[in-house]
Amino acid sequence: MSLLLEGILEALRLITSFDPDLLQIVFLSLRVSVIAIVIATLIGVPLGAFLGLKSEKKTRLFNKIIFTFMGMPPVVGGLIIYLLLSRQGPLGVLGLLYTPSAMIIAQVLLATPIITGLTLVGIRAKGTEIVETARSLGADSALATWTVVKESRLAILGAVITGFSRIIAEVGAVMIVGGNIAGRTRVMTTAIVLETRRGNFELAIGLGIILLILAFVINSFLYNIQTGGQDN
Amino acid sequence: MSLKVLNKPLTKFMLCILAIGFLATGCTQEPAPEEEDPGGNLNKGTLTLTTTTSTYDSGLLDYINPIFEQETGLRVEVISQGTGAALETGKRGDADVLLVHDRETELELVDEGYFVDRHDVMYNDFILIGPEADPAGIKAAGNAVVALGLIAENESTFVSRGDDSGTHRREMKLWENAGIIPDEEDWYLSIGQGMGNTLNLADQTLGYTIADRGTYIAVKDNLELTLLFEGDPDLSNQYGVMAVNPDRHPHVEYNCVSKYIEFLISDRGQELIGSYQVESEALFFPGFGLE
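So the protein lines, in turn, are chains H and W. So the first sequence is residues 1 to 232, counted in the working numbering. So the second sequence is residues 1 to 291, counted in the working numbering.
If you are wondering where the hints come from, they were derived from the structure by calculation, not from laboratory data.
List of simulated lysine to aspartate or glutamate pairs, EDC-like, C-alpha gap at most 20 Å:
hint, chain 1, residue 1, chain 2, residue 2
1, W, K91, W, E108
2, W, K91, W, E104
3, H, K54, H, D140
4, W, K259, W, E69
5, W, K91, H, E6
6, W, K91, H, E202
When you get a sec, could you build the whole thing from the sequences and use the hints?
Structure (structure tokens):
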């Protein structure tokens, strides 16, 4: 218990110290996960909307695959990207391994199925009805789809929040493809693992608390958008 | 809460999930047979050994511990950590016995009363690994400090464990002796991971690194990197065994721990350590009583 208290004090000390190494780690965590979630959203929402509006029978197998990938262990995702980007791998010439770009790619791989799957479910809940209504009001199919996406924005925001929570808290994949290199690819979660292994438990807990605070701020922001949508 | 809620399908579904969750944890927490011993110590006959990743990855303990277990009827559970974390775990009393490699710190902690019965138990050595082309030319270096100096001068990539392990601590001592502070340099990658991952990352970046010979032999088939420098006395790697002080942590089963330590430093234990081979190379040499 005392260690938890020390951890909270350590977190406060870290936050108030504006330690440049810490800021760099925090900033990199945010940069990687925000870019990854934007890319995953751009892929996942249209794909989920498309699948959600298709007849269930035709897309059954594909949907099952998406749902399976929602539960992919991050280490496995990381390993796949590692093997692709490794010097001996097919994309080795790009020289992306152990860079933030590799971490973004791995996180996109983890977040996209989640956003796709949850969007799909959300759209399917009321999609066909809305499409028929929109069509009857003279919308073409693109506009009808857009209408569905707009009407399902609460579910989609939920999908994005879930995806973001997963990747900002994820450690297995970024450790493998990023390498946890100090000053280059070290993020909050890999730093926490490192400090735990070093036996610096106060620092590890402190970093964990900062990560939770960040997640709280970001989720509050998204939550406000969501409830804002509800009021309209 | 109204009971009507229980009839809703969604609630039923949630309750099912919860029930499954409880069942699952119930399974994993099922008490081991020896924990049923009513009056006695919960972990009777089991001792927890915390050791370095390098020892663990070498497979040595998988070779020795079953023999000890068979002869004594005790059970050894092994946790693998960097030396820094292993020492911290021991200081907190979360383990019974340690097998680590940072001699100076070990002796300090014995003096401070955290540990007792420390013995040198075995040794091997650290080696410098790098790309075959050896751009910094460390092959011809006179000693390890000079070799690191050449790497720094040439600004060749150097991958550091950076995890406060015994290997990392030795590396830092060598840099210190070379009068170099590498932390802020662009060519210096501190990755905070175990030996296997460090070798792998060095391999991918065509960098240099320092490794314990045991891990290197165990994984070298997967590496393009090659052994470039060895044999400096500064690179000797001494492993020590010690018990968590039972006066400080009364739950430590000192009797069992003593048996384990005695086994390791016995003629038989020492012979076992020396006879352990990977790819027909010995990884450790018996080290008790050499000082």
